[in-house]
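Following the hints, position chain W against chain B.
As they're listed, the protein sequences go chains B and W.
The first sequence begins at 1 in the UniProt record's numbering and counts up by one.
The second sequence begins at 1 in the UniProt record's numbering and counts up by one.
Think of the hints as simulated: they come from the structure by calculation, not from any bench.
Keep in mind that a hint or two might mislead.
Listed next, the in silico EDC-like pairs over lysine to aspartate or glutamate satisfying Cα-Cα at most 20 angstroms (straight line) [what the hints assert, rightly or not]:
#1 W:K223 <-> W:D277
#2 W:K289 <-> W:D209
#3 W:K223 <-> W:D199
#4 W:K8 <-> W:E70
#5 W:K90 <-> B:E108
#6 W:K109 <-> W:E96
#7 W:K11 <-> W:E31
#8 W:K111 <-> B:E24
#9 W:K109 <-> B:E24
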Amino acid sequence: MSQSIASNPVSTSAATLPTPGTAEFIQETLALTRRLFIQLQRRPTTLVAGIIQPLMWLVLFGALFQNVPSGLFGESQNYGQFLGAGIIVFTAFAGALNAGLPVMFDREFGFLNRLLVAPLASRFSIVLASALFIATLSLIQTSAIVILSAFLGAGLPGPAGLLLMTLIVLTLVFGVTALSLGLAFALPGHIELLAVIFITNLPLLFASTALVPLSFMPPWLQVVASLNPLSYAIEPIRYIYLHPDWQFSSVIMQTPFADISLAIALLILFSFSALAFITIRPLIDRRIS
Amino acid sequence: MAPAVLVKNLKKSYGNVEAVKDVSFAIEPGEIFGLLGPNGAGKTTTIRCLCTLMTPDAGQLEINGISVLEDPRAARQMLGYIAQEVALDKVLTGRELLELQAAIYHLPKAKSRDRIAQMLALLEIEDIADKKTGTYSGGQKKRLDLAAGLLHQPAVLVLDEPTVGLDIESRTAVWNFLRQLQREGTTILLTSHYLEEVDALAGRVAIIDSGQVISSGTPAALKAEVGGDRITLRIREFTPDAEATSARDLLTHLPVVQEVIINSAQGNSLNLVVNQDADALTAVQTALKAANLPTFGISQSQPSLDDVYLAATGRTLMDAEMAATGKRDLKKEKKQAMR
Chain B
1 MSQSIASNPV STSAATLPTP GTAEFIQETL ALTRRLFIQL QRRPTTLVAG IIQPLMWLVL
61 FGALFQNVPS GLFGESQNYG QFLGAGIIVF TAFAGALNAG LPVMFDREFG FLNRLLVAPL
121 ASRFSIVLAS ALFIATLSLI QTSAIVILSA FLGAGLPGPA GLLLMTLIVL TLVFGVTALS
181 LGLAFALPGH IELLAVIFIT NLPLLFASTA LVPLSFMPPW LQVVASLNPL SYAIEPIRYI
241 YLHPDWQFSS VIMQTPFADI SLAIALLILF SFSALAFITI RPLIDRRIS
Chain W
1 MAPAVLVKNL KKSYGNVEAV KDVSFAIEPG EIFGLLGPNG AGKTTTIRCL CTLMTPDAGQ
61 LEINGISVLE DPRAARQMLG YIAQEVALDK VLTGRELLEL QAAIYHLPKA KSRDRIAQML
121 ALLEIEDIAD KKTGTYSGGQ KKRLDLAAGL LHQPAVLVLD EPTVGLDIES RTAVWNFLRQ
181 LQREGTTILL TSHYLEEVDA LAGRVAIIDS GQVISSGTPA ALKAEVGGDR ITLRIREFTP
241 DAEATSARDL LTHLPVVQEV IINSAQGNSL NLVVNQDADA LTAVQTALKA ANLPTFGISQ
301 SQPSLDDVYL AATGRTLMDA EMAATGKRDL KKEKKQAMR
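Next comes chain B alone, as it looks inside the complex (with noise of 0.2 angstroms):
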């Protein structure tokens, strides 16, 4: 064997280690992609019952309203050309929702004791693989809920009004994948986890815009509504769905505060992104680094 198998003590000092760049980072960053996308392929049921919920959530819920008197949810023709933005944000949010469970485990496992223990370019890299890895995820629910609501009728946004979809799933996808690391790191074990994503999950659903419209709530809850994230989801996909010739100015939601233009609703979304990012980071920083 020519190589040592071992180490060399000489070179290993600390002057010929590089500092990390943005190379390094990339590289770890695909690797810890990578792993999840490997485990998602070893064991897909998660990715199929992921799809084939929302699937059923528009066909049976979408035919629970299916006699209502057409116009009665806003402009949208049927309930279920209604209820698909809803499902699209709401099936984002929930698996955006779980990201932190994996990464909890690595920490009950011991498994994350492995990554910390390397010399990381950055440890934001464990968090961005499980944002990426979400994210995809997210975009191939959004695809099959889309690719089925044009089936059952509810029409295809151009692709102006696709490309603003992606850009608005995502950006609750990474907003809420970083609330949930937060937790992932800052909450005990998986138990707790659990619970926390138990209890918000559904009360954020109808507390939005993603069943019925702002109009049906009684003023409390109109204005809960109003300070829920989701609905600035929402309401943007449907608004883009509903109208082909949307524009940033149209007003696209009338919230007890104020009439919420489509560009003013994208702001609200991105800000909270952001400020879920900002929020955690320290949350992140005091555990791993």
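Coordinates of chain W only, in the frame set by chain B:
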């Protein structure tokens, strides 16, 4: 030349529990150094601080002269860490795990391929490299973990209880492998509560108890320091307190006997420190016979590392181990270990 590892006045508490009170030792390059002590003595905490998994409350930590606290990345680059519990992703194959490991240590692609092939061959796990790690036996998991820890050719390999839970064969294989590594120039720090393991592997040892180093040196020197031979005497299988005490008083006065300790954890057996004299055993037996005391068992031996521990703490390692088992809150410790 700076020591390969320097730990100086390390201190670490969890809440009001002082896990490490004051631990200091230095390891020379190329040495196998053992940290010996019962479970709960502070070995793992010391190692976790050294490997940047924990921030100590006070103390100095250096790897090859680099401060672990000031430049943790440089320290991580030089360290290989093998945790006590092997944490593998059971869905990945061994090779995929090594590829991940290579990437987080930033090995270039070609080098990573070479190193992985090399380590798989060296640890004799090529045939299972493409099977999921979930199907591995305990010994195979440990080998893969070793391969992962050594992939980046660390100058210092740190192993926490490397052979706990392994079968005899795997244990011997790990020992031989560590010896081979040392010959190639790697500095090795290992913790163990197995006397045998430390005695067999370590060139030098620090005995640690209740968060403090109570003795350190080469195993031979430590044994020589406690001096004399050991006689373990059992008057009956379970000797009554009164009988044990009277036997102790009787034997303490023999010129060949230096010290007598009653070991209540072992049915009041008597541990005698005697002069290194072939007649010591006979002298003790004669005295017992004269006092009409029976003998259930008696044996003479040279001092072991356990005697070093016994001399410093007044109890054997196994007794300390058993005493600690009931007192430790393993669930709480697991939480502390979680990051």
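Notebook entry, point to check: Hey, K223 (chain W) versus D199 (chain W), does the alpha-carbon distance stay inside 20 angstroms?
Noted result: Given that 20 angstroms is the threshold and the Cα spacing comes to 11 angstroms, the pair holds.
Check: Given the hint that K109 (chain W) pairs with E24 (chain B), does the C-alpha gap stay at or below 20 angstroms?
Finding: Between K109 (chain W) and E24 (chain B) the Cα gap is close to 12 angstroms, so the pair holds against 20 angstroms.
Notebook entry, point to check: Within 20 angstroms, alpha carbon to alpha carbon, are K289 (chain W) and D209 (chain W)?
Noted result: Answer violated: K289 (chain W) to D209 (chain W) is near 39 angstroms, above 20 angstroms.
Margin query: Please verify whether K11 (chain W) and E31 (chain W) have alpha carbons no more than 20 angstroms apart.
Written below: Judged against 20 angstroms, a Cα distance of about 24 angstroms means the pair is violated.
Check: Are the Cα positions of K90 (chain W) and E108 (chain B) separated by 20 angstroms at most?
Finding: 14 angstroms, holds
Notebook entry, point to check: Are the Cα positions of K223 (chain W) and D277 (chain W) separated by 20 angstroms at most?
Noted result: 16 angstroms, holds
Notebook entry, point to check: Given the hinted pair K111 (chain W) and E24 (chain B), is their alpha-carbon gap at most 20 angstroms?
Noted result: 15 angstroms, holds
Margin query: With the threshold set at 20 angstroms, check whether the alpha-carbon distance from K8 (chain W) to E70 (chain W) stays at or below it.
Written below: 15 angstroms, holds
Next item on the list: Assess, step by step, whether the Cα of K109 (chain W) is no farther than 20 angstroms from the Cα of E96 (chain W), and give holds or violated.
Entry: 13 angstroms, holds
The structure fails hints 2 and 7 (numbered hints given earlier, in ascending order).
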